[in-house]
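J.: Here's the letter readout for the chains.
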Amino acid sequence: MKVALTAKGTDLESQLDERFGRSQYFIVYDTETKQFESFDNSQNVSAAQGAGVQAAEKVAKLGADILITGHCGPKAFQALSAAGIKVYNTQAPTVKEALDLYLQDKLTEANSPDVEGHWS
Amino acid sequence: MIMGIASGKGGTGKTTVAVSLAAAMGEKVNLLDCDVEEPNAHLFLKTQHKESKIVKVMIPKVDEELCNGCGECSSFCQYNAIITPGPKPVVFAELCHGCGGCALVCPKKAISETQKRIGTIEISEGDDITLIQGKLDIGVAMAPPLIRSVKAHLNSHDVSIIDSPPGTSCPVITAIRGCDFVLLVTEPTPFGLNDLKLAVDMVRNLGVNFGVIVNRHGIGDNRIHDFCKANGISILLEIPDDREIAEAYSRGESVVEALPHYRRAFEGLASSIRGMLLNRGE
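Chains as they are written, first to last, in my numbering: chain A, 1 to 120; chain B, 121 to 402.
Think of the hints as simulated: they come from the structure by calculation, not from any bench.
Be aware that a few hints might be false.
What the hints assert, rightly or not - Listed next, with one range per pair, are the computed distances between beta-carbon atoms: (1) B:K173 x A:A48: 23 to 31 Å; (2) B:Q235 x A:F39: 37 to 45 Å; (3) B:L186 x A:G9: 40 to 48 Å; (4) B:K173 x A:S46: 45 to 53 Å; (5) B:K208 x A:A48: 21 to 29 Å; (6) A:A48 x B:K170: 54 to 62 Å; (7) A:Q104 x B:N160: 53 to 61 Å; (8) A:D100 x B:K173: 55 to 63 Å.
Ideal Cβ positions, reconstructed from N, Cα and C, are used throughout, including at glycine.
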């Protein structure tokens, strides 16, 4: 299973980016191989509009089953749901800590967006 | 003749100038309120309501039976209004600019277009002024399609004044593109100058003739005059920082109506613009 996380850098020690659509990077962690890869999201960081939905499409194309991020707005949530991606919100400071919380089953799946659009 | 009234900074007096210039033209004028997020020219006019129209844009509708989920529509859309995160596309109508491109590129002809209301146009008439006001529905983020619908009421043989939204982004460009002349209203403050510079870059990019109006002349300093002089820009009118103007505004009266001694200044402005356009062979 593939877990996507929003990150401010390219490795597991990076800070978790609390934004989804305008996250600087996405880190995709494979729970079977225990390997990860990072993907640049700078194009969406400066998107005029629709960063959240575009990011959802990108995360779906990366094959993610799960998204762990700080916050997720309504349009992004709708797009992620359409892709069958489950969303988990966390305030964990780093990617590694967020991932550990998830792997220890300490995160709860979000059933709705947790912020309005354009919250930051 | 189409004249646009714009400004980088908001609250510099675009509507004050638009309404007063309309009254000082001395002939029939169409006043187009293109500040569709907050139209206010009607507050200063005694026009009678004549007609309301509903404005709609086309948004895509996907036939999931025909769609094969190829994602061509999503790669085409620059506004992220249609994306394909899963097997079928998802439409975000509030992001859609209504260009119809997704329907054109769909290889399965699975996308048709359906209408979505974005606002209204209110037409009202006075003695010499016909007001055509665009009013965006609450919650709608897409001003340019409504501004284009307001501008569809322009015709080349009438004198028209376009009251534009503030700023230098898409709604403003939609409003002033195609104008014969644009008046940039500013105030002699650091904010006024900063935003005037942005507005000057914008009109120069669009290739539109323009001049500057300094409102609240007497406050601040000479920075607007210095900038205009250094860049060869004409200042066509200075409106003093006069409490009586502010009082008339607060009562919903146009300057030329409430304070007749200003009428001549606006008549002078009208004739300078006419003169400049004639000299340029319009």
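J.: Is it true that the C-beta distance of B:K208 to A:A48 lies inside 21 to 29 Å, as the hint says?
T.: holds (25 Å)
J.: Does the Cβ distance between A:Q104 and B:N160 fall inside 53 to 61 Å?
T.: Check passed, 58 Å falls within 53 to 61 Å.
J.: Using the beta carbons of A:A48 and B:K170, state whether their distance is inside 54 to 62 Å or not.
T.: violated (37 Å)
J.: So does B:L186 sit 40 to 48 Å from A:G9, Cβ to Cβ?
T.: Given about 43 Å between the Cβ atoms, the range holds.
J.: Does the beta carbon distance between A:D100 and B:K173 stay inside 55 to 63 Å, or does it fall outside?
T.: Between A:D100 and B:K173, where Cβ atoms are some 59 Å apart, the hint holds.
J.: Measuring from beta carbon to beta carbon, are B:K173 and A:A48 in 23 to 31 Å?
T.: The hinted range 23 to 31 Å holds for B:K173 and A:A48, with Cβ atoms some 29 Å apart.
J.: Okay, B:K173 versus A:S46 on CB: inside 45 to 53 Å?
T.: violated (37 Å)
J.: Could one say that the CB atoms of B:Q235 and A:F39 fall in the range 37 to 45 Å?
T.: For B:Q235 and A:F39 the Cβ distance comes to about 38 Å; the hint holds.
The structure fails hints 4 and 6 (numbered hints given earlier, in ascending order).
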